[in-house]
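First to last, the protein sequences are chains B and E. Numbering of the first sequence is given in this note's numbering, commencing with residue 1 and proceeding in unit increments. Numbering of the second sequence is given in this note's numbering, commencing with residue 1 and proceeding in unit increments.
If you're looking for bench data, these hints aren't it; they were derived computationally from the structure. Do not rely on the hints blindly, as some may be mistaken.
Stated by the list, open to error - To be clear about the criterion: a stretch of chain B counts as covered by chain E if any three or more of its residues have a C-beta under 8 Å from a C-beta of chain E, and this derived list gives those stretches:
{"id": "1", "stretch": "89–101"}
{"id": "2", "stretch": "105–114"}
{"id": "3", "stretch": "117–124"}
Said to hold, decoys possible - Cβ pair distances, simulated, as ranges:
{"id": "4", "chain 1": "E", "residue 1": "A239", "chain 2": "B", "residue 2": "E127", "range": "51 to 61 Å"}
{"id": "5", "chain 1": "B", "residue 1": "F23", "chain 2": "E", "residue 2": "L176", "range": "26 to 36 Å"}
{"id": "6", "chain 1": "B", "residue 1": "S140", "chain 2": "E", "residue 2": "V27", "range": "21 to 31 Å"}
{"id": "7", "chain 1": "B", "residue 1": "S146", "chain 2": "E", "residue 2": "Q263", "range": "27 to 37 Å"}
{"id": "8", "chain 1": "B", "residue 1": "R123", "chain 2": "E", "residue 2": "I39", "range": "46 to 56 Å"}
{"id": "9", "chain 1": "B", "residue 1": "D226", "chain 2": "E", "residue 2": "Q170", "range": "44 to 54 Å"}
{"id": "10", "chain 1": "E", "residue 1": "Q170", "chain 2": "B", "residue 2": "L306", "range": "26 to 36 Å"}
{"id": "11", "chain 1": "B", "residue 1": "D136", "chain 2": "E", "residue 2": "L20", "range": "41 to 51 Å"}
{"id": "12", "chain 1": "B", "residue 1": "G147", "chain 2": "E", "residue 2": "V129", "range": "22 to 32 Å"}
None of these values were measured; they are calculated from a predicted model. Even for Gly, the Cβ is constructed at its ideal location relative to N, Cα and C.
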Amino acid sequence: MRSPMMTDTASPMIEVDRLTRTFGQIEAVGGVSFEVRAGEVFGFLGPNGAGKTTTISMLCTLVRPTSGRAQVNGFDVVHQRSDVRRSIGLVFQQSTLDEALTAEQNMRFHAYAYGVPREVRERRLRELLGLVELWDRRKSRVRTFSGGMKRRLEIARGLLHHPSILFLDEPTLGLDPQTRRRVWEYLGDLRARERLTIFLTTHYLDEAEEADRIAVIDSGRIAALDTPARLKSDVGGDLVTIATSDGPRAADEIRDRYGFAPAVVEDTVSFHVPAGEAFLPDFVRGFSQPMQAVGVRRPTLDDVFLHLTGREIRDHARDGESR
Amino acid sequence: MTELVRGLWVVAYRDILGFLSDRFRIVASLTFPLLFLAIFGAGFSNVIGRMAGGVDIVQFMYPGIIAQAVLTTSLFSGVSIVTDREVGFLREVLVAPISRTGIVLGKAAGAAMVALVQVAVLLVVAPVVGVPLSIGTMLQLVPMVALLSLVLSGLGILIGSFARSQQGFQLFMQMLVFPMVFLAGVFFPVDSVPLWMEVLSKANPVTYGVDAIRQIFLGTAPATAGLGVTVFDHTMSLAEEVAIVGGLGVVLMSAAVWAFRRQE
Numbered sequence: 001m002r003s004p005m006m007t008d009t010a011s012p013m014i015e016v017d018r019l020t021r022t023f024g025q026i027e028a029v030g031g032v033s034f035e036v037r038a039g040e041v042f043g044f045l046g047p048n049g050a051g052k053t054t055t056i057s058m059l060c061t062l063v064r065p066t067s068g069r070a071q072v073n074g075f076d077v078v079h080q081r082s083d084v085r086r087s088i089g090l091v092f093q094q095s096t097l098d099e100a101l102t103a104e105q106n107m108r109f110h111a112y113a114y115g116v117p118r119e120v121r122e123r124r125l126r127e128l129l130g131l132v133e134l135w136d137r138r139k140s141r142v143r144t145f146s147g148g149m150k151r152r153l154e155i156a157r158g159l160l161h162h163p164s165i166l167f168l169d170e171p172t173l174g175l176d177p178q179t180r181r182r183v184w185e186y187l188g189d190l191r192a193r194e195r196l197t198i199f200l201t202t203h204y205l206d207e208a209e210e211a212d213r214i215a216v217i218d219s220g221r222i223a224a225l226d227t228p229a230r231l232k233s234d235v236g237g238d239l240v241t242i243a244t245s246d247g248p249r250a251a252d253e254i255r256d257r258y259g260f261a262p263a264v265v266e267d268t269v270s271f272h273v274p275a276g277e278a279f280l281p282d283f284v285r286g287f288s289q290p291m292q293a294v295g296v297r298r299p300t301l302d303d304v305f306l307h308l309t310g311r312e313i314r315d316h317a318r319d320g321e322s323r
Numbered sequence: 001m002t003e004l005v006r007g008l009w010v011v012a013y014r015d016i017l018g019f020l021s022d023r024f025r026i027v028a029s030l031t032f033p034l035l036f037l038a039i040f041g042a043g044f045s046n047v048i049g050r051m052a053g054g055v056d057i058v059q060f061m062y063p064g065i066i067a068q069a070v071l072t073t074s075l076f077s078g079v080s081i082v083t084d085r086e087v088g089f090l091r092e093v094l095v096a097p098i099s100r101t102g103i104v105l106g107k108a109a110g111a112a113m114v115a116l117v118q119v120a121v122l123l124v125v126a127p128v129v130g131v132p133l134s135i136g137t138m139l140q141l142v143p144m145v146a147l148l149s150l151v152l153s154g155l156g157i158l159i160g161s162f163a164r165s166q167q168g169f170q171l172f173m174q175m176l177v178f179p180m181v182f183l184a185g186v187f188f189p190v191d192s193v194p195l196w197m198e199v200l201s202k203a204n205p206v207t208y209g210v211d212a213i214r215q216i217f218l219g220t221a222p223a224t225a226g227l228g229v230t231v232f233d234h235t236m237s238l239a240e241e242v243a244i245v246g247g248l249g250v251v252l253m254s255a256a257v258w259a260f261r262r263q264e
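Just need the whole structure built from these sequences, with the hints factored in.
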């Protein structure tokens with residue numbers, strides 16, 4: 001989902017300046033600053049408990065910042081809450097639908113609450129429910145929907161009042177990979193039609209790849225902010241992994257001959273090279289020690305996270321995500 | 001201002017829609033008061049028979065049962081805040097461009113509408129139990145029921161804003177509803193019960209709501225003949241009771257708005 005509109009620097013859609021939020025003794029968000037440009041898909045990537053949901057809740061006016069400032073669509077999130085609310089659509093990680101009502105009734109409630117004029121409402125309702133393929137099920141109660149259908153309905157509902165920014169908090173959490181792909185297809189369609197800015201939080205690395213730019217967030221702070229491609233190239237290029245019978249000795253040879261800094265885990269040695277495929281043939285021919293296996297792969301965002309924080313994104317789930 | 005009005009009507013609309021699409025709730029909320037009336041009426045009528053002011057026990061209890069239905073419906077309206085929080089729908093409401101005060105008033109208005117529907121159905125049995133119905137009665141009854149319902153739903157919302165689980169809310173409410181109903185003169189005149197009960201009943205503001213509804217149905221004659229509420233030798237008039245209920249409403253509704261707004 002790379003966007004051609006990324007160069008639009010007129011005025012940022014979201015402007016965040018040293019935003020902080022503490023819950024008692026715990027600092028959930030510790031002074032983050034960033035900008036989101038109009039029309040881009042901006043991702044917050046980090047493990048559970050990193051402060052993603054708290055940040056999104058402050059931007060959506062649901063949680064008051066302890067200090068710092070944030071503007072959404074030019075409106076202050078503390079002093080111009082109603083204008084902020086009108087500018088944003090929201091899809092939370094947990095469903096916020098009334099399951100006792102039908103799909104259509106949920107949509108109508110939203111339209112009334114946001115004061116969408118009647119002519120717009122009926123046309124928009126039809127268009128959006130059609131797009132997420134729920135038009136035929138509009139008279140069914142939400143209770144009877146699958147997880148994927150509910151998420152689609154929430155996305156449609158979040159867009160009903162023509163928001164400029166769509167916030168997606170872990171939008172595909174708990175969905176199977178196929179449904180996840182479908183949700184992103186819908187989002188791609190919607191984005192093309194509506195000139196939407198999307199703000200997304202996720203701890204799925206492949207989902208973060210959908211973003212134009214990513215802020216890597218860890219323990220309430222932004223560790224890095226760039227395009228996925230550049231974040232990955234900062235890791236130091238492709239990752240070459242070799243399996244040998246004597247890891248430390250192989251590592252010494254790599255260090256002495258090529259000047260790389262290899263990491264050794266038992267008898268597996270790995271190191272980063274700028275262009276892996278071109279490097280490999282010469283390396284295999286010239287290496288003096290026996291190897292059982294050689295592999296090369298592009299760095300993933302998992303490597304980015306490991307590189308930036310020294311930890312794997314998956315190994316440190318903590319509580320507090322839903323705050 | 002528009003955000004207050006929009007919040008009020010959209011929340012009320014959804015609560016009424018929720019009530020209408022829940023058949024089980026409709027049936028239960030209508031049969032429960034009738035069951036009460038049938039059982040208590042039949043149980044007491046041979047023992048007590050005719051009371052002061054030419055009223056029999058069923059006629060005496062009928063307005064009380066109506067008040068009790070209003071009370072239960074209104075107090076439990078606060079549960080929707082708790083369930084909405086549990087299922088997540090509350091977030092959809094809180095993030096909409098509507099005022100929090102409007103949301104609280106909308107919840108109360110929704111409860112009042114549901115209570116009025118219930119009362120309308122209960123009115124059908126009035127001729128059966130020998131309670132006269134006139135246009136005048138209806139004209140007074142509608143605003144009185146609405147007022148009582150708004151006041152008590154204020155209390156329900158106040159508690160709902162603090163409760164963190166449905167079970168907690170239900171338990172707390174049971175604890176509150178039973179004394180409130182049994183010490184409100186629904187089943188017996190508060191002037192002719194043991195002193196401790198009389199004191200508690202007269203301290204219970206619901207008593208005045210019940211008696212107001214009773215005076216609307218039966219007129220002032222039974223009240224002055226000992227079936228009303230006498231405080232310091234003064235028999236409460238309908239207007240005085242409306243003032244008490246209204247005053248309580250201002251207090252409870254303000255507290256409910258405060259409690260609801262303070263949550264994040």
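Hints, verified against the model:
1. Beta-carbon proximity to chain E at under 8 Å applies to 10 residues in the stretch 89–101 of chain B; the threshold of 3 is reached and the given coverage holds.
2. Only residues whose beta carbon comes within less than 8 Å of a beta carbon in chain E count, and the stretch 105–114 of chain B has 6; three or more means the coverage holds.
3. Requiring three or more residues with a Cβ within less than 8 Å of a Cβ of chain E, the coverage given for the stretch 117–124 of chain B is violated, as only 0 such residues are present.
4. For A239 (chain E) paired with E127 (chain B), a C-beta distance near 56 Å keeps the hint of 51 to 61 Å intact.
5. For F23 (chain B) and L176 (chain E), the Cβ-Cβ distance of about 31 Å falls inside the hinted range of 26 to 36 Å, so the restraint holds.
6. The beta-carbon spacing between S140 (chain B) and V27 (chain E), approximately 23 Å, falls within the hinted interval of 21 to 31 Å.
7. Range check, S146 (chain B) to Q263 (chain E): Cβ separation about 31 Å, and the 27 to 37 Å hint holds.
8. With their beta carbons about 55 Å apart, R123 (chain B) and I39 (chain E) fall inside the hinted range of 46 to 56 Å.
9. Here the CB-CB span from D226 (chain B) to Q170 (chain E) is close to 52 Å, well matched to the stated 44 to 54 Å.
10. Evaluation of the 26 to 36 Å hint for Q170 (chain E) and L306 (chain B) yields a failure: the beta carbon distance comes to about 49 Å.
11. Checked against the hint of 41 to 51 Å, the C-beta distance between D136 (chain B) and L20 (chain E) comes to roughly 24 Å, which is inconsistent with it.
12. Against the hinted window of 22 to 32 Å, the Cβ-Cβ separation of G147 (chain B) and V129 (chain E) comes to about 51 Å, which falls outside the hint.
Checked against the numbered hints above, the structure breaks hints 3, 10, 11 and 12 and satisfies the rest.
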